[in-house]
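S.K.: Residue numbers (the working numbering), protein chains in the order written: chain L, 270 to 504; chain W, 14 to 317; chain R, 643 to 888.
These aren't lab readings, by the way, just hints derived from the structure by calculation. This structure is a prediction, so every number in the text was calculated from the model and none was measured. Be aware that one or more of the hints could be misleading.
[What the hints assert, rightly or not] Mimicking DSSO-like on lysine-lysine, the simulated pairs with C-alpha atoms at most 27 Å apart in a straight line are: (1) L:Lys498 x W:Lys33; (2) L:Lys451 x L:Lys494; (3) R:Lys854 x W:Lys33; (4) W:Lys33 x L:Lys451; (5) L:Lys451 x L:Lys498; (6) L:Lys332 x W:Lys68; (7) R:Lys854 x W:Lys253; (8) L:Lys488 x L:Lys472; (9) W:Lys238 x L:Lys501; (10) L:Lys413 x L:Lys378.
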Amino acid sequence: MSGTLIIPGDTIELGTESGETSIGPGITTNPKDQSIVYPSTAGLLKSISKRNKTIAYIEHNTKRYIPTIHDYVVGVVITVFGDGYRVSLANYSQPVVLSALGFPNATKKNRPHLKVGDVVYAIVSLVDRDVEVEIECIDPVTGKEGGFGQLNGGTLFDVKLAYARYLLFNSNAEILEAIVNKCQFEIAIGSNGKIWINTENVKTTVAAMNAIVESQQWKKEEIVKNVNKIFKDVL
Amino acid sequence: MFKGFEVSSNEQAFTLETLKSGIRFDGRKLEEMRDIDIRLGDEYGYVEVRLGNTKAIVRISAQLAVPFEDRPYEGIFQISTEISPMAGPMFEAGRQSIDEVLISRLVEKAVRRSGALDLESLCIIAGSRCWAVRADVHFLDYDGNFIDATCLAVMVGLSHFKKPDIAINGEEIVLFSTDQRDPVPLSVLHIPLCVTFAFYNPNDVEENIKGSSSGELILVDPTMKEEAQSLGSMTLTLNKNREICQISKAGGLPIDAPVIMDCCSIAYSIVERLTEKIKQLLKDDEAKRIDINVQRALSAANDR
Amino acid sequence: MSRFEIYSPEGLRVDGRRWNEIRRFECRINSHPTSSDGSSYVEQGNTKVLCLVQGPMEPALRSQSSTAQGSLIVNVSVTPFATVERNKRPRNDRRIQELSATLTRTFNKAIVLKNYPRSLIQVNLQVLALDGGLLAACTNATTLALMDAGISMYDYISSVTAGIFDGQTPLLDLNTIEENELGFLTVGVIGESEKLALLLMEDRVGMDSLEKVLAIAIAGSHRIRELMDIQVRNYGKHKVAKLANQ
Numbered sequence: 270m271s272g273t274l275i276i277p278g279d280t281i282e283l284g285t286e287s288g289e290t291s292i293g294p295g296i297t298t299n300p301k302d303q304s305i306v307y308p309s310t311a312g313l314l315k316s317i318s319k320r321n322k323t324i325a326y327i328e329h330n331t332k333r334y335i336p337t338i339h340d341y342v343v344g345v346v347i348t349v350f351g352d353g354y355r356v357s358l359a360n361y362s363q364p365v366v367l368s369a370l371g372f373p374n375a376t377k378k379n380r381p382h383l384k385v386g387d388v389v390y391a392i393v394s395l396v397d398r399d400v401e402v403e404i405e406c407i408d409p410v411t412g413k414e415g416g417f418g419q420l421n422g423g424t425l426f427d428v429k430l431a432y433a434r435y436l437l438f439n440s441n442a443e444i445l446e447a448i449v450n451k452c453q454f455e456i457a458i459g460s461n462g463k464i465w466i467n468t469e470n471v472k473t474t475v476a477a478m479n480a481i482v483e484s485q486q487w488k489k490e491e492i493v494k495n496v497n498k499i500f501k502d503v504l
Numbered sequence: 014m015f016k017g018f019e020v021s022s023n024e025q026a027f028t029l030e031t032l033k034s035g036i037r038f039d040g041r042k043l044e045e046m047r048d049i050d051i052r053l054g055d056e057y058g059y060v061e062v063r064l065g066n067t068k069a070i071v072r073i074s075a076q077l078a079v080p081f082e083d084r085p086y087e088g089i090f091q092i093s094t095e096i097s098p099m100a101g102p103m104f105e106a107g108r109q110s111i112d113e114v115l116i117s118r119l120v121e122k123a124v125r126r127s128g129a130l131d132l133e134s135l136c137i138i139a140g141s142r143c144w145a146v147r148a149d150v151h152f153l154d155y156d157g158n159f160i161d162a163t164c165l166a167v168m169v170g171l172s173h174f175k176k177p178d179i180a181i182n183g184e185e186i187v188l189f190s191t192d193q194r195d196p197v198p199l200s201v202l203h204i205p206l207c208v209t210f211a212f213y214n215p216n217d218v219e220e221n222i223k224g225s226s227s228g229e230l231i232l233v234d235p236t237m238k239e240e241a242q243s244l245g246s247m248t249l250t251l252n253k254n255r256e257i258c259q260i261s262k263a264g265g266l267p268i269d270a271p272v273i274m275d276c277c278s279i280a281y282s283i284v285e286r287l288t289e290k291i292k293q294l295l296k297d298d299e300a301k302r303i304d305i306n307v308q309r310a311l312s313a314a315n316d317r
Numbered sequence: 643m644s645r646f647e648i649y650s651p652e653g654l655r656v657d658g659r660r661w662n663e664i665r666r667f668e669c670r671i672n673s674h675p676t677s678s679d680g681s682s683y684v685e686q687g688n689t690k691v692l693c694l695v696q697g698p699m700e701p702a703l704r705s706q707s708s709t710a711q712g713s714l715i716v717n718v719s720v721t722p723f724a725t726v727e728r729n730k731r732p733r734n735d736r737r738i739q740e741l742s743a744t745l746t747r748t749f750n751k752a753i754v755l756k757n758y759p760r761s762l763i764q765v766n767l768q769v770l771a772l773d774g775g776l777l778a779a780c781t782n783a784t785t786l787a788l789m790d791a792g793i794s795m796y797d798y799i800s801s802v803t804a805g806i807f808d809g810q811t812p813l814l815d816l817n818t819i820e821e822n823e824l825g826f827l828t829v830g831v832i833g834e835s836e837k838l839a840l841l842l843m844e845d846r847v848g849m850d851s852l853e854k855v856l857a858i859a860i861a862g863s864h865r866i867r868e869l870m871d872i873q874v875r876n877y878g879k880h881k882v883a884k885l886a887n888q
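Please build the complete structure, drawing on both the sequences and the hints.
M.R.: Written out as structure tokens, the structure reads:
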């Protein structure tokens, strides 16, 4: 995770040589002069370049999850009501709404039956300051299931938000590669810091879970060694 | 207590599976406590206890007071356990939830009712003057099992605390500062320590209540996640003289009487080990203080 | 030393009982047929408790309504004339709060709450006279009143106290004087089993004598269950007889 450390009040220069630069989370502009930008959170300044476009943002690590549109999230159903469910994305915060029609091919008559306590993998579909946040289990690109929906078996655990994003956007992250060598597993990573994991048996699940949680504090070189140790201890 | 802390049924089922195969998430055995870290402050009677990620501090203090009318020969001992939102988002400021009441009642029963502190030794002049000892417990971080941590912290604090020495001059009481006379320790009669058990039921409710088998799973020192998923808990308070000072199994999953006897012996071995640890810790602390005092005395002589 | 001889060398207690005798136990079911859905009156020695059950009914607050199971509320109030000193107890007395929380948690597991989704069952206990074994008497009264209200339960929960004298002799069903002098426990036993729904102990009891005290307490609870059962069945017979007359 490279990038320069930025603290609110710092001045940042956005490279303009590669054409247009868009600003992402953690950076705001001066309302009078759009060319002056300010950092609004502490974190690492990062940029991604894609087709002549650069996106600059500040990678920061907060504890509370604030839903953002198109985020992949793992949630727990906490209430069932007439035409939908209330889903908790993080402890001690407002639940979000999952409509009963927010599933592929769902109709008024044909819809999934979730119970309180069920786990779903979903995408944030509506964020507006005036209404409740909504999520749905449909891939917005294909309109199909696309891996979303109820997650059966396995278990849930929490990691830091930045780490969850890192794992989500780097499918070949070292820790995941290291666990692949140990056991087969299914994983669903939510930007809300919740991760669902399922492996062939309870012991490997506990090991994989502990490995991911603890890997937040590991150096890159230690990963393989530490994963080996955790798996050896549990089995 | 766990308002806002959501536990999915996947996790519930998974926890039962892991417990059935005898493992816990943090690699402990079922009847194993988390690591306990006790830190003593520079001043007498300041204790910081960490039980895994659960953290509490205790400050013991003493002042002169008038004894209660109905107990003229006894000093006053109070434990204040107020849980603020500092400990976790589920605790509300000001209003005490029923769980908090239970926690403070339990600590009170474990320490005060069992007579851990000799109240009669706190009496100075019968009916008019006595020591009022206060234990202020502050909860800093909550990851399950406040009771064990609190009880431990209060007991270490009481054993560590020293009150200023006094002399009685007729009706007058002379208080000596620590420089004038060495402070005197409280008379702690025994060290009660709590061990909390959490219960889980892998079978259905009917089997638990009507069945003859006792298949309930029991584990020691639950974390917050384990506490939220348990069906009931029991706190045993024992001291190393094989006395039970308090048992509290206020409802929850019905448990067979023989199983409770087993819990007693598990708790006793934990308490025995912990008491040893506390004694060693206090001894080391005392030795360190004497060392410093000797050094100070020597350096003062050199200055002159 | 206490002013009383708790257990004389001849084997008699302050009120003349032997070590294994419970106090006079009297109970009545359906004592208040008009004012509640279920009611009972229990006397254990001089401790007198009245219990009224309302429900299952629709809860007044949304927060008390759960789709998974019914909710249970237990209120305990001790009348000012219950003890010798007539002081008014504050409403938020922590001991009373603890008592009602204990009862709630005990009966949460004893009532088949999943049969009553979106409903509230409210138990109100009035302590008319207090002479030891408060929790035990409340538990017994609640069991009877819930039965009278026709609420599904897995089994009886019967409860009694027991203490230990001199680390030697277990004493069953203590009164206030004995409670103040001895280490004692309260058990709540499910039906005729040895499963404990409730176990509270205060003051010091030797670890090795716990088994003795528990054994006598469980036996005492079974006796109380029998006495309650007789009363419930008598009441049932009486009702059936009335029906037959029609």
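S.K.: Take the C-alpha atoms of Lys451 (chain L) and Lys498 (chain L), compute the straight-line distance between them, and say whether it is at most 27 Å.
M.R.: Holds, because 11 Å separates the two Cα atoms, which is no more than 27 Å.
S.K.: Quickly compare the C-alpha distance for Lys238 (chain W) and Lys501 (chain L) to 27 Å and report which way the hint goes.
M.R.: Holds, at about 25 Å.
S.K.: Please verify whether Lys498 (chain L) and Lys33 (chain W) have alpha carbons no more than 27 Å apart.
M.R.: 23 Å, holds
S.K.: Are the Cα positions of Lys854 (chain R) and Lys33 (chain W) separated by 27 Å at most?
M.R.: Not satisfied, since the Cα-Cα distance of roughly 32 Å exceeds 27 Å.
S.K.: Does Lys494 (chain L) lie within 27 Å of Lys451 (chain L) when you go C-alpha to C-alpha?
M.R.: Satisfied, since the Cα-Cα distance of roughly 12 Å is no more than 27 Å.
S.K.: Straight-line Cα separation of Lys332 (chain L) and Lys68 (chain W) no greater than 27 Å?
M.R.: Answer holds: Lys332 (chain L) to Lys68 (chain W) is near 20 Å, not above 27 Å.
S.K.: So if I understand the rule, the pair passes when the alpha-carbon distance is 27 Å or less; does Lys413 (chain L) with Lys378 (chain L) pass?
M.R.: Holds: Lys413 (chain L) and Lys378 (chain L) sit about 19 Å apart, inside 27 Å.
S.K.: Hey, Lys488 (chain L) versus Lys472 (chain L), does the alpha-carbon distance stay inside 27 Å?
M.R.: 25 Å, holds
S.K.: Hinted pair, alpha-carbon criterion (27 Å max): Lys33 (chain W), Lys451 (chain L). Please report holds or violated.
M.R.: Holds. Lys33 (chain W) to Lys451 (chain L) sits at ~23 Å (cutoff 27 Å).
S.K.: Please work out if Lys854 (chain R) and Lys253 (chain W) have their alpha carbons no farther apart than 27 Å.
M.R.: Judged against 27 Å, a Cα distance of about 20 Å means the pair holds.
Figure legend: structure checked against the earlier numbered hints; the only hint not met is number 3.
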